[in-house]
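Visitor: Position chain P relative to chain D; hints supplied.
Residue numbers (our numbering), protein chains in the order written: chain D, 829 to 974; chain P, 829 to 974.
Worth double-checking, as some hints may not be accurate.
Below, a list of computed lysine to aspartate or glutamate pairs in the EDC-like style, where the Cα atoms sit at most 20 angstroms apart [to be verified]:
1. D/962 <-> P/887
2. D/929 <-> P/964
3. D/873 <-> P/964
Bear in mind the hints are in silico, worked out from the structure with no lab data behind them.
Protein chains: 2
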Amino acid sequence: METKLKPIGVIRTPYTNKPPHQPEPDAEGEFYIELNPEFAEGLHKLESYTYVYVLFHLDRTTRPVKLLVTPPWAAGVQVGLFASRSPHRPNPIGLSIVRLKDIDGNRLDITGIDAMDRTPLLDIKPYVRSLDCKNDANDGWRHERR
Amino acid sequence: METKLKPIGVIRTPYTNKPPHQPEPDAEGEFYIELNPEFAEGLHKLESYTYVYVLFHLDRTTRPVKLLVTPPWAAGVQVGLFASRSPHRPNPIGLSIVRLKDIDGNRLDITGIDAMDRTPLLDIKPYVRSLDCKNDANDGWRHERR
Numbered sequence: 829m830e831t832k833l834k835p836i837g838v839i840r841t842p843y844t845n846k847p848p849h850q851p852e853p854d855a856e857g858e859f860y861i862e863l864n865p866e867f868a869e870g871l872h873k874l875e876s877y878t879y880v881y882v883l884f885h886l887d888r889t890t891r892p893v894k895l896l897v898t899p900p901w902a903a904g905v906q907v908g909l910f911a912s913r914s915p916h917r918p919n920p921i922g923l924s925i926v927r928l929k930d931i932d933g934n935r936l937d938i939t940g941i942d943a944m945d946r947t948p949l950l951d952i953k954p955y956v957r958s959l960d961c962k963n964d965a966n967d968g969w970r971h972e973r974r
Numbered sequence: 829m830e831t832k833l834k835p836i837g838v839i840r841t842p843y844t845n846k847p848p849h850q851p852e853p854d855a856e857g858e859f860y861i862e863l864n865p866e867f868a869e870g871l872h873k874l875e876s877y878t879y880v881y882v883l884f885h886l887d888r889t890t891r892p893v894k895l896l897v898t899p900p901w902a903a904g905v906q907v908g909l910f911a912s913r914s915p916h917r918p919n920p921i922g923l924s925i926v927r928l929k930d931i932d933g934n935r936l937d938i939t940g941i942d943a944m945d946r947t948p949l950l951d952i953k954p955y956v957r958s959l960d961c962k963n964d965a966n967d968g969w970r971h972e973r974r
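With the rest of the complex left out, here is chain D:
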């Protein structure tokens, strides 16, 4: 069984060559989402949230999927693909958390996101602090790298 995804908008960023490995909340430049106008009504009350999840199509990844990867900032460490945030995944879905700065019609101004300019948007979900902020979580194997 296969599922087809359809872009519902586009993510605009200053990154035309290479995005950073993670969202950079203080990155300079314009970061915004243009939701297709026919979906704008679905943003009602979203402005009450500080943060949102952005799901997007990692459409610029060209490398083949490898099950063991070395994150670019962690030379010498080999981890499983599912223990990494590598964009080269069996299903190319990107997931980032960004701060919502403003909503105007179908445009959402956000803080820095780790996506190439004109990345296809798949979904926006509210980041709910009481559900999503796990204070007893850890940084896993990354902890050793600090």
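Guide: Relative to the frame of chain D, chain P by itself:
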């Protein structure tokens, strides 16, 4: 442009009729992920994480997508689809955070997840506390409902 998604495993839960609206960490019964064996190597070092994101195909949703919704636990409140976690979305991708209890080969034992039994798995990503736990986030419009 369309993207095709392919299941990389299956989520097993006790829910054959209706899942809860959110993951229930203390739910009784067996909750586990069967990753397709050919991807098992990609789990290397994942056991170092407390929590993981599970992305899945909301394949049992039959209702049409509506841009304004009333969450079942919030009678009388109408919010935009993107300000809700409704499963009836333009792109049927579910996102849940669960605690990782054990990994054995290609099987991951997890805490309660809000997915129907045999839901197709799309991705597993590590939940990284320093990136994903936003202590300055809020509960948005839900806050008023408390």
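Visitor: With reference to the structure, classify each hint as holding or not holding.
Guide: Verification of the hints:
For the suggested pair residue 962 of chain D and residue 887 of chain P, the alpha carbons sit about 27 angstroms apart, so the restraint of at most 20 angstroms is broken. Under the criterion of a C-alpha separation no larger than 20 angstroms, the hint pairing residue 929 of chain D with residue 964 of chain P is consistent with the structure, at around 14 angstroms. Restraint check for residue 873 of chain D and residue 964 of chain P: satisfied, since their Cα atoms lie roughly 19 angstroms apart, inside the 20 angstroms limit.
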